[in-house]
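S.K.: Letter by letter, the chains look like this.
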Amino acid sequence: MPDLEIVAIHFIHKNLIEQILLRLRNQGGFVVGWHKAELDVQDCYDESREQYNALKILQKITHPSASAKTVIYTSLDLYIPIFTFVFGLAGLGGHAAIVSACRLRNEFYGLPGDDNILMARLYKETIHEYGHLRNLRHCSNYQCVMASSSTIDDLDVKGDRFCTNCLSVIAANSR
Amino acid sequence: MDKNEVKILIVDDEEIVRESLSGWFVEDGYQVDTARDAVEALNKLSKTRWDIYFIDIKMPGMDGMELHRRIREIDKEAVVIMITAYAAVDTAVQALKEGAFDYITKPFDPDNLSHLVRNAVKQRRLTLENIGLKGSLEELTKPPEIIGKSRHIAEVKKLIGTVAKTSTTVMIRGESGTGKELVAQAIHAQSERRFFPIVTVNCGALTETLLESELFGHEKGAFTGALYRRKGKLEVANGGTLFLDEIGTIGPKTQVDLLRAIESKEFTRLGGNEIIESDFRVISATNTNLEEFVKEGKFREDLYYRLQVYTIYLKPLRERPEDIPELVDYFIAYYRAKMNKPVDGIAPAALQMIMKYPWKGNVRELENAIERAMVVTQEKMLAVHDFLLNHVELHTPFKTSLSLDDVEKAHIVSVLEKNNWNISSAARILGIDRVTIYKKLQKYGIKRPENA
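Protein chains in written order, with our numbering: chain A, 1 to 175; chain B, 1 to 452.
Next comes chain A alone, as it looks inside the complex (with noise of 0.2 Å):
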């Protein structure tokens, strides 16, 4: 039974997904699955934003067990009614986060894309979500990977692990 399940949902960067399982399992210690499925979105879209809302995305996420976590990856623009977008959203203690590689992509910020960038902000939010699902705030450690990060350049600046305090916190939450 995997304890992390990643969820293709309108996920265009398909060549990555075998690269970010691996660094899940190898990097992160999961015991990953995957798949990939169809879900229709049209009622999340803002037309006036031309994008999705992650909150009505996340209530349409049925849960396969109650302890294993998923991560629902989109290439779709997310937002919540107050922010103007969002990279990702999950509940504290939740079963369900959603992380969108929309702007997590270098092509968004008028730069050249590259995959081993797009791959390595995609692995972080994956793990910074899942930290919130594991009931973790955000950290003032900045090299920690749950520091808040509200712009791309603060997602690249911090860590892509764990530090000592937000592991104790996860070991003591799940004892």
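These aren't lab readings, by the way, just hints derived from the structure by calculation. Even glycine gets a Cβ: it sits at the ideal position worked out from N, Cα and C. Take these hints with a grain of salt, some might be off.
According to the in silico footprint, chain A covers these stretches of chain B (three or more CB under 8 Å from chain A) [as the list claims (entries may be wrong)]:
1. 22-33
2. 69-76
Part of the chain A face toward chain B, derived, beta carbon under 8 Å [stated by the list, open to error]:
3. Y79
4. I80
5. R137
6. T151
Derived PhoX-like pairs (lysine-lysine); straight-line CA-CA distance at most 25 Å [as the list claims (entries may be wrong)]:
7. K44/B / K158/B
8. K158/B / K315/B
9. K56/A / K106/B
10. K3/B / K158/A
11. K158/A / K122/B
12. K60/A / K14/A
13. K7/B / K106/B
Got chain A; can you put chain B on it based on the hints?
M.R.: Below, chain B without anything else, positioned relative to chain A:
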């Protein structure tokens, strides 16, 4: 103030805004609560003091602008951030003019919101630090306590309160030890000048040349030994108060210079040409008869009138003995803490003796007497024998009309009081044995007071 100590209240009628924003702040480690309207927000404000408020401008019922005003009435240091749609930016700007910290338009850019909250927390932290520091400063500049319940002391306190708010020149008159400097400090501490120094110059302790240098300062080389330029007390007192003690002792030349400096608030340092400006208030004190000095030509009349604008006269302690018990309690408490000695108070006989004493040195002498008694006492209550007042015998004269028995009785009582009613000690001093002293007590009906 750590992040997890910061309390944020989000007031918005839209549930999605409340939920999303609070979720975001919770993830960031803040303490968050929400209110759906102004009434709920004010109820929550009455129970908890919030550090940062996010308030939607447009809400049904009381709008965000009115809520902001209400919050500022209750907590004028609160950090309020208005939430607005693009259309309501004018209103948000109005809120800024009314003291809101900032505004943010919906939907928020996550980065802008992060910066805004960081700045808001910084602002709140500085405000709280400032309040704390002001509190410490107020504590440091707290007016000194003037002890006494007499009508005279009440009147003095009233005079201090009246004159403190002005910049009027004050003269404090009274015998040595009546607390003239304390009154000067109280005037300064209650005035607008309290955050600036009160500079004391004891005019009687300095020769005329030294006093001039002390008051006006001097330039390097102004006189033999003036190796460096030095600021005078008038300059140091800029913004504050200059307290001139024993003003009656200053010489004729200094009187002229001082009068000019007081009137123009300008002077030059000794040996210098630069005109120094200083805004100081003058409080002077004297225990001499200045009027006599004026008549004799020892003190300039114009300076006398300049200093004597508002006079506070302090009565000697012997004219207000009703203040003595409170002063005694105050000094005992003070020295108990200072010496860490468990003395609870004073025996009635000792207090009675103190009340009768003329206290020529006034409160200063009383304080010294209590300090000395606190040092020597071995008991919990200060007794007659703890005091070294050489007048006591003088004040218990035996009148020629008294019989031998009367004299004997009075003497036995006196010795017993002085020995805190210790029979053995009294018997030893009187040169009789304990049986005899008991017989005498019975004969004269002498009884140990219950509280002795």
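S.K.: A separate judgement is required for each hint: does it hold in the structure or not?
M.R.: Evaluated hints:
With a cut-off of 8 Å between beta carbons, the segment 22-33 of chain B has 6 residues touching chain A; three or more are needed, and the interface restraint holds. Only when three residues or more bring their CB closer than 8 Å to a CB of chain A does the claim for the segment 69-76 of chain B stand; here the count is 0, and the claim is violated. Proximity of Y79/A to chain B holds as hinted, the smallest CB-CB distance being about 7 Å (cut-off 8 Å). Because the smallest distance between the Cβ of I80/A and any Cβ of chain B comes to about 5 Å, under 8 Å, the interface hint for this residue holds.
For R137/A, the suggested interface contact is upheld, since its CB lies about 5 Å from the closest CB of chain B, less than 8 Å. A distance limit of 8 Å between C-beta atoms decides the matter here; for T151/A the minimum to chain B is near 5 Å, and the interface restraint holds. Taking the CA atoms of K44/B and K158/B, the gap is near 43 Å; set against the 25 Å cutoff, the hint is violated. At roughly 15 Å between alpha-carbon atoms, K158/B and K315/B fall within 25 Å of each other, so this suggested pair holds.
Between K56/A and K106/B, the direct Cα distance comes to roughly 19 Å. Compliance with the 25 Å bound is thereby established for this hinted pair. Between the alpha carbons of K3/B and K158/A the distance comes to roughly 20 Å, so the proposed pair stays at or under 25 Å and holds. At most 25 Å may separate the alpha-carbon atoms for a hinted pair to count; K158/A and K122/B meet this at roughly 23 Å. For the hint pairing K60/A with K14/A, the CA-to-CA distance comes to about 22 Å; that is within 25 Å, so the pair holds.
Between K7/B and K106/B the CA atoms are separated by roughly 22 Å; this keeps the pair inside 25 Å, and the hint holds.
Comparing the model with each numbered hint stated earlier shows that hints 2, 7 do not hold.
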